[in-house]
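Student: So you can see what is in the structure, the chains are spelled out below.
Number of protein chains: 2
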Amino acid sequence: MTFHLHLETRRTRPEHLKLTEALWDAAAKRHPELAQQLRVTIGWDDEILDEALKTADFMINQFPPKERLAERAPRLKWIQTTGAGIDALVPLSWLPPHTTLTNNRGAHGAKAEDSCTLAILALHMRFAETLQNQRDRLWKMILTPPVAGKTAVVVGFGDLGQGAGRAAHKLGLRVIAVTRGGKAEAPAEKAYAVTQIDEALPLADFLILTAPATAETCGLIDRRRLALLKRDAAVVNIGRAALMDYAALREKLERGELAGAVLDVFDEEPLPPSSPWWTTRNVIVTPHISCDSPRYMDALLDRWFENFGRLRSGKPLHNAIDPARGY
Amino acid sequence: MTFHLHLETRRTRPEHLKLTEALWDAAAKRHPELAQQLRVTIGWDDEILDEALKTADFMINQFPPKERLAERAPRLKWIQTTGAGIDALVPLSWLPPHTTLTNNRGAHGAKAEDSCTLAILALHMRFAETLQNQRDRLWKMILTPPVAGKTAVVVGFGDLGQGAGRAAHKLGLRVIAVTRGGKAEAPAEKAYAVTQIDEALPLADFLILTAPATAETCGLIDRRRLALLKRDAAVVNIGRAALMDYAALREKLERGELAGAVLDVFDEEPLPPSSPWWTTRNVIVTPHISCDSPRYMDALLDRWFENFGRLRSGKPLHNAIDPARGY
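Residue numbers (numbering that gives the first Met the number 0), protein chains in the order written: chain A, 0 to 326; chain B, 0 to 326.
Don't read these hints as lab results, they were simulated from the structure.
Ideal Cβ positions, reconstructed from N, Cα and C, are used throughout, including at glycine.
PhoX-like mimics (lysine-lysine), calculated; alpha carbons at most 25 Å apart, straight line:
no., chain 1, residue 1, chain 2, residue 2
1, A, 169, A, 189
2, A, 169, B, 169
3, A, 139, B, 17
4, A, 76, A, 53
5, B, 189, A, 169
6, B, 169, B, 189
7, B, 169, B, 149
8, B, 139, A, 17
9, B, 314, B, 28
10, A, 169, B, 149
11, B, 189, B, 149
12, B, 169, A, 189
13, A, 17, A, 28
14, A, 149, A, 251
15, B, 169, B, 182
16, A, 314, A, 76
17, B, 65, B, 76
18, B, 169, A, 149
19, A, 17, A, 53
20, B, 182, B, 149
21, A, 149, A, 169
Derived list of chain B stretches under chain A, where covered just means 3 residues or more per stretch with a C-beta under 8 Å from a C-beta of chain A:
no., stretch
22, 112-120
23, 141-147
Extracted from the complex, chain A is given alone in its bound form (with noise of 0.2 Å):
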C-alpha cells in the first residue's frame, strides 16, 4: 500500500527549515522499508499544492490551508506542522475532524537549555560588556560573584521550559515554574499557577518565558506585572514575543529598572534595521535561533517516521494537537 505525502515551505522560511529533496532523500535513507511505503511530492509556496491535496494522505507544512480544507483534500489524514508553536493556526476550527494535527514540540529542549544557560551567565557577568570594551580596547574588570543561589522563575514548563530549567538547576539557581496548573516536575522546586503569577515574579532575579502564545498567555506579563519585577531582574524571552509587553519592557529597560534581557522572539521578524531593539539599553537581540539546531529539519523527519510507523501499526500519534484546548 502507498501513501501520498506531500512536503510544502515557503521560499521565504530560513534555509534550515526548508523541506528540500536532498533533506528527504536522506531521511528516506535513514528509514527504507518505511519510506518505500510512500509517494512523496514537493511544492514551494503552494505552486502546486492544490494538486497535491487532491490525493495527499499526509502533508508536512508550517502553514497548512485553512478555507475548505475537507473539501479540497479528501484523504488528509495527518498533517504535520515544522515548528513546536501553532498560535498561527488557532482556533482550529478549520482542520476537518478526520484529519489529526501534529506539531514538532519535544525537538528544542536541548537546545533551550543551552541557549538559557549562555543566557543567564551572560546577564548575570555582563558579558556584552565586556565584549563592548573589547572593542574600545579598554582594560575595565567587570567583577561579579558567582551566579549560584540566585532565582529563576520559568514561565511555561513544557519542553523549553524544562530545558530552561535544567540550564537555570545545573547552574545553582533555584527554579520555579509558573503552569497552567501550577504544578511542575523537578528541576521545578516550587509551582505556581498561572493565575498566581504575581506572587512568583517579585522573587525572580531571572524571569525565563517559555510559554506559547495562547489565548491565555498573549499579554501574560503586561506593564503591571513587569512592575513586580525586582529591578536588578533579568527578562529572557525565548517563547512568544505576544506573552509580554515589549513597549513597557523597553522603557523599563532604558531607564535602568531592570539590569537587562536577552530576547530571541519579536513581534515583527525578522526585526527590521529601524527597531529599536537592536540599541536598547542593556538588551541582546538573538535572531529565534536559541530553540534551533541546524539538524533541525533531519529530526523533524526522523520523528516524522517514528509517528508514521505508529500510524501504521495503529498507534496514536505523539505530540497530536486537541483541537479543543489548541495545544
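Could you slot chain B onto chain A? The hints should help.
Tutor: Frame of chain A; chain B shown alone:
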C-alpha cells in the same frame, strides 16, 4: 597574647584586590574573638614595610619582600599571598625557614566554573558574532547543535581545573584532564600525565588551560603542540599566558585554523591598547576576571581567620606552599 599582623598592598592593584581598613574592619567584626588577639598595621607601596617587618608575626602581601627577609623580619611566622598563583615568587629560596607561605587557592573554583561554562557556550554558539550582528542591525541566524557530546581537555586539575571540569561536565561534555601525575578525580573521565599531553590534544574540541605557571608548565603548549589540535577546536585560557605560545596561537587563529579562543590572561596586563589581541579573529578578550569575585578579599580574610584559628590550635595551615615543589 597579641600578634602583629601587617597588611600590605600596592596602590596600582585593582580596587577589588586592595587590603583596605574598611575591608579589615568588616572582617574583624565577623571574627571578633580572633581579631582581639591581633594588632594590625596597613601599609601601601612598602612605605611602612620596613618598620612593620621588625615586629610582624604575620603578613598578608601579594608581593612579599625577598631580600634579607629573615634578618629584616625576625618574628615573621606566616606570609599569606592574596592570589592563587605564586609564579612571581618562585624559586622560594628567599623564604626564611621559620616562615610558612600560604596562597589563596580554592577561592576561585566556583567563579572559574561559571566562566568556563560561559566560555564554552559562547565559543560553540558563536555568540560574539551574534552580538556583532546586533550592532550591525543584522538578523542572521547562526545555528549550532547542542554542545553535549563534545570533548574538553583540561590542563591542570586543581581548584580552577576542577571548576572547568565541572563546567564541561554539566554541559554534557566528555572531560579529559592533563595533570602532573596522570590522575584526576571525577568529573574527569580520563587523565593523561603532562608528559603524554601529545595524546590528549588531538581529542580536544575545547582545550582549557588552568595550570599555574611553573618551570614545568611554562611553554607547555608550544607551536608544535598547537598543531596537534583539531581545526575546529577552541581554546580557553584562565591559567597563565606563559603556558602557551601566544604568537603561534594568534597566527593559527588569524589563519582560521582554530574555531576561536577566550583568553583571560596575557603576558602584559592590563593588555595595552596597541595589543593585536583586541582584534584577533574569533578571539574574546576578558580582562583577568574569570576566577575573581567582587567579594574575593572578604573571602580571603575569612579564610585567613580560619587559618589563624588553626594556628592558635596548633593545627597545620591550609594552603601551605611546599618550598621544594613550589606549589
